Amino acid sequence: MRPRTRLSLFALTATLAIPAGVAADESPSRKDVQMVAPALDKYTQDRLLGDVWKRPGLSRRDRSVVTLAAVIGRNQTIALSEHLKLALDQGVKPTEISEIITHLAFYSGWANAMAAVAATKQLFAERNIGPDWLPATSPGLLPLNEAAEADRAKRVADQFGAIFPGVVQYTTDVLFRDLWLRPDLAPRDRSLVTISALIANGQVAQSDRPYPDRDEQRPDAARNRRGYHPSRLLRRLAQRVLGDAGCEGCF
Amino acid sequence: MRPRTRLSLFALTATLAIPAGVAADESPSRKDVQMVAPALDKYTQDRLLGDVWKRPGLSRRDRSVVTLAAVIGRNQTIALSEHLKLALDQGVKPTEISEIITHLAFYSGWANAMAAVAATKQLFAERNIGPDWLPATSPGLLPLNEAAEADRAKRVADQFGAIFPGVVQYTTDVLFRDLWLRPDLAPRDRSLVTISALIANGQVAQSDRPYPDRDEQRPDAARNRRGYHPSRLLRRLAQRVLGDAGCEGCF
Amino acid sequence: MRPRTRLSLFALTATLAIPAGVAADESPSRKDVQMVAPALDKYTQDRLLGDVWKRPGLSRRDRSVVTLAAVIGRNQTIALSEHLKLALDQGVKPTEISEIITHLAFYSGWANAMAAVAATKQLFAERNIGPDWLPATSPGLLPLNEAAEADRAKRVADQFGAIFPGVVQYTTDVLFRDLWLRPDLAPRDRSLVTISALIANGQVAQSDRPYPDRDEQRPDAARNRRGYHPSRLLRRLAQRVLGDAGCEGCF
Numbered sequence: 034m035r036p037r038t039r040l041s042l043f044a045l046t047a048t049l050a051i052p053a054g055v056a057a058d059e060s061p062s063r064k065d066v067q068m069v070a071p072a073l074d075k076y077t078q079d080r081l082l083g084d085v086w087k088r089p090g091l092s093r094r095d096r097s098v099v100t101l102a103a104v105i106g107r108n109q110t111i112a113l114s115e116h117l118k119l120a121l122d123q124g125v126k127p128t129e130i131s132e133i134i135t136h137l138a139f140y141s142g143w144a145n146a147m148a149a150v151a152a153t154k155q156l157f158a159e160r161n162i163g164p165d166w167l168p169a170t171s172p173g174l175l176p177l178n179e180a181a182e183a184d185r186a187k188r189v190a191d192q193f194g195a196i197f198p199g200v201v202q203y204t205t206d207v208l209f210r211d212l213w214l215r216p217d218l219a220p221r222d223r224s225l226v227t228i229s230a231l232i233a234n235g236q237v238a239q240s241d242r243p244y245p246d247r248d249e250q251r252p253d254a255a256r257n258r259r260g261y262h263p264s265r266l267l268r269r270l271a272q273r274v275l276g277d278a279g280c281e282g283c284f
Numbered sequence: 034m035r036p037r038t039r040l041s042l043f044a045l046t047a048t049l050a051i052p053a054g055v056a057a058d059e060s061p062s063r064k065d066v067q068m069v070a071p072a073l074d075k076y077t078q079d080r081l082l083g084d085v086w087k088r089p090g091l092s093r094r095d096r097s098v099v100t101l102a103a104v105i106g107r108n109q110t111i112a113l114s115e116h117l118k119l120a121l122d123q124g125v126k127p128t129e130i131s132e133i134i135t136h137l138a139f140y141s142g143w144a145n146a147m148a149a150v151a152a153t154k155q156l157f158a159e160r161n162i163g164p165d166w167l168p169a170t171s172p173g174l175l176p177l178n179e180a181a182e183a184d185r186a187k188r189v190a191d192q193f194g195a196i197f198p199g200v201v202q203y204t205t206d207v208l209f210r211d212l213w214l215r216p217d218l219a220p221r222d223r224s225l226v227t228i229s230a231l232i233a234n235g236q237v238a239q240s241d242r243p244y245p246d247r248d249e250q251r252p253d254a255a256r257n258r259r260g261y262h263p264s265r266l267l268r269r270l271a272q273r274v275l276g277d278a279g280c281e282g283c284f
Numbered sequence: 034m035r036p037r038t039r040l041s042l043f044a045l046t047a048t049l050a051i052p053a054g055v056a057a058d059e060s061p062s063r064k065d066v067q068m069v070a071p072a073l074d075k076y077t078q079d080r081l082l083g084d085v086w087k088r089p090g091l092s093r094r095d096r097s098v099v100t101l102a103a104v105i106g107r108n109q110t111i112a113l114s115e116h117l118k119l120a121l122d123q124g125v126k127p128t129e130i131s132e133i134i135t136h137l138a139f140y141s142g143w144a145n146a147m148a149a150v151a152a153t154k155q156l157f158a159e160r161n162i163g164p165d166w167l168p169a170t171s172p173g174l175l176p177l178n179e180a181a182e183a184d185r186a187k188r189v190a191d192q193f194g195a196i197f198p199g200v201v202q203y204t205t206d207v208l209f210r211d212l213w214l215r216p217d218l219a220p221r222d223r224s225l226v227t228i229s230a231l232i233a234n235g236q237v238a239q240s241d242r243p244y245p246d247r248d249e250q251r252p253d254a255a256r257n258r259r260g261y262h263p264s265r266l267l268r269r270l271a272q273r274v275l276g277d278a279g280c281e282g283c284f
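Residue numbers (my numbering), protein chains in the order written: chain A, 34 to 284; chain B, 34 to 284; chain C, 34 to 284.
In short, the hints are calculated from the structure, not lab data. Hints may contain errors.
[Unchecked claim] Here are the computed lysine-lysine pairs in the DSSO-like style, where the Cα-Cα straight-line distance is at most 27 angstroms:
1. B:K126 / A:K75
2. B:K118 / B:K187
3. C:K118 / A:K118
4. B:K87 / B:K75
5. A:K64 / B:K126
6. A:K75 / B:K64
7. C:K126 / B:K64
8. C:K126 / A:K118
9. C:K64 / B:K75
10. B:K87 / A:K64
11. C:K118 / B:K64
12. C:K118 / A:K126
13. A:K75 / A:K126
14. C:K64 / C:K75
15. C:K64 / A:K126
16. C:K87 / C:K118
17. C:K87 / B:K75
[Said to hold, decoys possible] According to the in silico footprint, chain C covers these stretches of chain A (three or more CB under 8 angstroms from chain C):
18. 73-85
19. 150-158
Keep in mind it's a predicted model, so treat the numbers as computed, not measured. Beta carbons: idealized from backbone N, C-alpha and C, even for Gly.
Please work from the sequences and hints to get the whole structure.
So this is what it looks like as C-alpha cells:
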C-alpha cells in the first residue's frame with residue numbers, strides 16, 4: 034500500500050517522493066472517481082446527485098438521515114465522514130446525529146455505533162461542536178402510547194417470551210419505554226433510521242414488521258410493503274392447511 | 034494500535050523502534066497468517082489455492098471476477114487491493130475493473146463502489162494505468178433484446194409499479210437500458226458480478242430471480258437454483274390453497 | 034481526515050500541532066463516546082457492561098467468544114482489536130483464537146479471517162504470544178460420530194448433490210471430517226462461533242439448520258429456534274398441499 038499524504042506530517046512527507054492520491058481508507062474525491070471509473074462519476078452527477086437526491090417525495094434533510102443510517106448500518110467506514118458532514122450541512126442537528134448513533138447501536142450493533150463515534154468525534158472537533166450541543170443523558174421522555182405499547186409488548190411476548198425472555202425484557206425496558214421516547218430525535222426520524230438501517234442490511238423481515246403506534250409516520254415504502262410480508266402469508270397458509278391445532282408452535 | 038511500517042517513510046521509521054509487522058488495515062502476508070493461524074495457512078495453500086481455484090468448472094479469470102465482486106460487494110476493504118492486483122494478473126482488463134466497480138455501485142451501494150475506487154486508484158497509479166485505458170463515459174451501447182426487456186419491465190412493473198414507481202423507472206432507464214448494455218464488460222460478466230455480489234451478501238431472493246435474456250449465460254449454480262426459490266414455491270402454495278381470489282395482494 | 038497520534042511516532046508528532054483525538058479507524062475510548070453520544074456511553078455502562086454481560090445464562094468467557102465471532106463475522110475491523118484483547122483477558126486461549134479465525138474463514142469468508150489475522154498478529158506480538166502457543170497445523174483429530182455424520186452427509190447430498198457437487202465434497206472432506214474435528218477448539222465452541230457469526234449476518238436459514246451430533250451442545254437460543262424455521266414449515270406445507278409427487282424438486 035502506498036503511504037498517505039497527511040496534513041500534519043506534510044512538512045515531513047513533502048520532502049519524500051510520495052505520489053499524490055487518495056489513501057485506501059479515505060473517501061475518494063471526484064477526480065479520483067474519474068481516474069478509475071468515469072462512468073461512475075457520470076452516474077453520480079447525473080443520476081444520484083442530479084436526480085435521486087432531488088426527487089420531491091423525501092426532503093434532502095430526510096435523504097441525508099436515511100443515507101447516514103444506511104452507511105452506519107452497513108459499517109461503510111470510508112463513507113462515514115462524508116455523509117456525517119453532508120448531514121450537518123443539510124441541517125441535521127448535532128443532537129440528532131448523536132441520537133442516531135445511539136439508536137443504531139441497538140439496531141445495527143454496538144461496533145457499528147462505535148465506528149460512527151470515531152468518525153463523528155473528528156467532525157465535531159473540526160466544527161467546534163462541544164458537549165453543550167449534545168443531548169442530555171437522561172432527559173424527560175416523550176409520552177408513551179400505552180395502548181399501542183401494550184399491544185406491541187403482547188405480540189413480542191407471545192412470539193418470543195417462552196424462549197427469549199431477555200429479548201422481551203430489553204425490547205420493552207430499553208427500547209420502547211426508553212430509547213424510542215428520548216426527545217432529541219423525533220419518532221418519525223427514529224422510524225426512518227431504523228427502517229433504513231434494516232433495509233440496507235437486507236433485514237427485511239424485521240423492517241416489514243408493523244410498528245403499531247408509528248404507522249402514520251412511516252415512509253410509504255415501508256408501510257405499503259407490509260402486505261408482502263412472507264411470514265404473514267406463511268402463517269395464513271399454515272393455519273388454513275394445518276389448522277390451528279396442527280400448527281401449534283409453527284410461529 | 035502499533036504504527037505501520039511504510040515503504041516511503043522507511044528511511045524515517047527505520048530509525049525508530051517500530052516493531053515489524055502488518056498494520057491492522059493491510060492485507061496480511063503469508064508469514065503473518067502462519068504467525069496467527071498456521072492451520073488457516075495450510076487450508077489456504079492446500080484447499081483454496083491448490084484446489085478450489087484449480088477446479089475446471091470456472092476459469093481462473095472468471096474466479097477472479099467472481100471473487101472481486103464478492104469482496105467489493107461485502108466491502109472487505111482489507112482484501113480489496115490484493116484481489117484487484119490478482120484480477121489484473123489473471124487478465125481482467127482495467128476497463129473491466131472500471132465497469133465492475135460502476136456496475137456494483139448499483140447492486141452493492143455507492144459507498145462500496147467508492148471504497149473500491151480508492152483502492153483501485155492506487156493500483157492504477159502503481160501500474161501506470163491512465164485515462165486511455167478506461168471505458169468511455171457514454172459509449173455506443175450493445176443491442177437490446179426488446180422482447181426480453183419488455184417482459185422484464187412488465188414483471189417488475191406488476192410487482193412494484195404501484196408502490197415504488199421510482200424503482201421501476203430507474204431499473205428500466207438506468208439499469209437495463211443503459212448500465213447492462215455498456216460494451217466494456219460482457220453481459221455474461223455482468224451476470225457473474227451481480228450474482229456473486231448478491232450471494233456474498235446473502236441476498237439470495239434477488240440472485241434467484243431469473244434474468245430472462247441472460248439465462249443462457251448465467252453460471253450453473255445460479256441457473257439451477259431457481260427451482261428452489263422459496264417465493265416461487267410460496268406463490269404456488271398460496272394459489273393452490275387460497276385460490277387466486279383469496280390470494281389477492283399476496284405478492 | 035485528521036492525522037493520528039501514534040505511539041512510536043510520538044516523539045516526532047508531539048512537536049506538530051496534532052489535535053488530540055481518536056483516529057477514524059481506531060476503537061474510540063470511553064471519553065470519545067461521551068464527547069459524541071453521552072447516552073450511548075450510559076447504555077454501554079448500565080445496560081451492556083452492567084447488565085447483559087452479567088446475565089447468568091452464558092459465562093463471560095462464552096460471551097467473549099460469541100462477540101468475537103460476531104465481530105469477525107461482520108468484519109467490524111475497528112472493534113476487532115478490542116474484542117481480541119477482551120477475549121484473552123476473559124481466558125480465551127491463543128490456540129482458541131487461532132482456531133476461531135480458521136473456523137470462520139469457512140463460515141464468514143476468507144477476507145474476514147484475513148482481517149482478523151492482521152489485528153491478531155499485532156496483539157500476539159504485544160503479548161509475546163509466539164508459535165509455541167499456536168495449534169498444530171495437522172493435529173490428531175477428535176473421534177467422528179460416524180452415524181450422525183452419515184446422516185448429515187446424506188441430507189446435504191440429497192439437497193445439493195445433483196447441482197453443487199463441490200459444496201457437498203468440501204462440506205464433507207474439509208468441514209465435517211477435518212475442521213470441526215480439530216482438537217484445539219471444543220465442538221461446543223465451534224457451534225457457538227458458527228451460530229454467532231451466522232446470526233450476526235442475518236444468515237438465519239443456515240443457523241437454524243440442525244447440526245445433528247451437536248444438538249446437545251448448542252445454546253438454547255439456537256436449539257429452540259428450530260421449531261420456527263420457515264423452510265421446515267414450508268416443506269411441511271408443500272408436502273401436505275402438493276403431495277410428495279407434486280412437490281418433486283421443491284427443496
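Going through the hints against the structure:
For the proposed pair K126 of chain B and K75 of chain A, the alpha carbon gap of about 21 angstroms is at most 27 angstroms, so the pair holds. At roughly 41 angstroms between alpha-carbon atoms, K118 of chain B and K187 of chain B are farther apart than 27 angstroms, so this suggested pair is violated. Simply put, K118 of chain C and K118 of chain A have alpha-carbon atoms about 32 angstroms apart, too far for the 27 angstroms limit, and the pair is violated. Between K87 of chain B and K75 of chain B the alpha-carbon distance is near 16 angstroms, which keeps this suggested pair within the 27 angstroms criterion.
This hinted pair checks out: K64 of chain A and K126 of chain B have alpha carbons roughly 21 angstroms apart, not beyond 27 angstroms. A C-alpha spacing of about 42 angstroms is found between K75 of chain A and K64 of chain B, which places the hinted pair above 27 angstroms, so the restraint is violated. Between K126 of chain C and K64 of chain B, the direct Cα distance comes to roughly 21 angstroms. Compliance with the 27 angstroms bound is thereby established for this hinted pair. A C-alpha spacing of about 42 angstroms is found between K126 of chain C and K118 of chain A, which places the hinted pair above 27 angstroms, so the restraint is violated.
The hinted pair formed by K64 of chain C and K75 of chain B fails the criterion: a straight-line CA distance of about 42 angstroms is larger than 27 angstroms. For the hint linking K87 of chain B to K64 of chain A, the alpha-carbon distance of about 39 angstroms lies beyond 27 angstroms, and the restraint is violated. Taking the CA atoms of K118 of chain C and K64 of chain B, the gap is about 22 angstroms. The hint holds against a cut of 27 angstroms. Of the supplied pair hints, the one linking K118 of chain C and K126 of chain A is violated, its CA atoms being roughly 35 angstroms apart against a limit of 27 angstroms.
In summary, the hint linking K75 of chain A to K126 of chain A is not supported, as the alpha carbons are separated by about 31 angstroms, beyond the 27 angstroms threshold. This hinted pair checks out: K64 of chain C and K75 of chain C have alpha carbons roughly 12 angstroms apart, not beyond 27 angstroms. With a C-alpha separation of about 21 angstroms, the suggested pairing of K64 of chain C with K126 of chain A holds against the 27 angstroms cut-off. With a CA separation close to 19 angstroms, the supplied pair K87 of chain C and K118 of chain C stays within the 27 angstroms bound.
A hinted pair counts as satisfied when its Cα atoms are at most 27 angstroms apart, and K87 of chain C with K75 of chain B does not qualify at roughly 38 angstroms. Check on the stretch 73-85 of chain A: 0 of its residues sit with their Cβ under 8 angstroms from a Cβ of chain C, so the three-residue criterion for coverage is violated. Coverage of a stretch by a chain is defined here by at least three residues with a beta carbon nearer than 8 angstroms to that chain's beta carbons; for the stretch 150-158 of chain A and chain C the count is 8, and the condition holds.
Hint compliance for this structure: hints 2, 3, 6, 8, 9, 10, 12, 13, 17, 18 are broken, all remaining hints hold.
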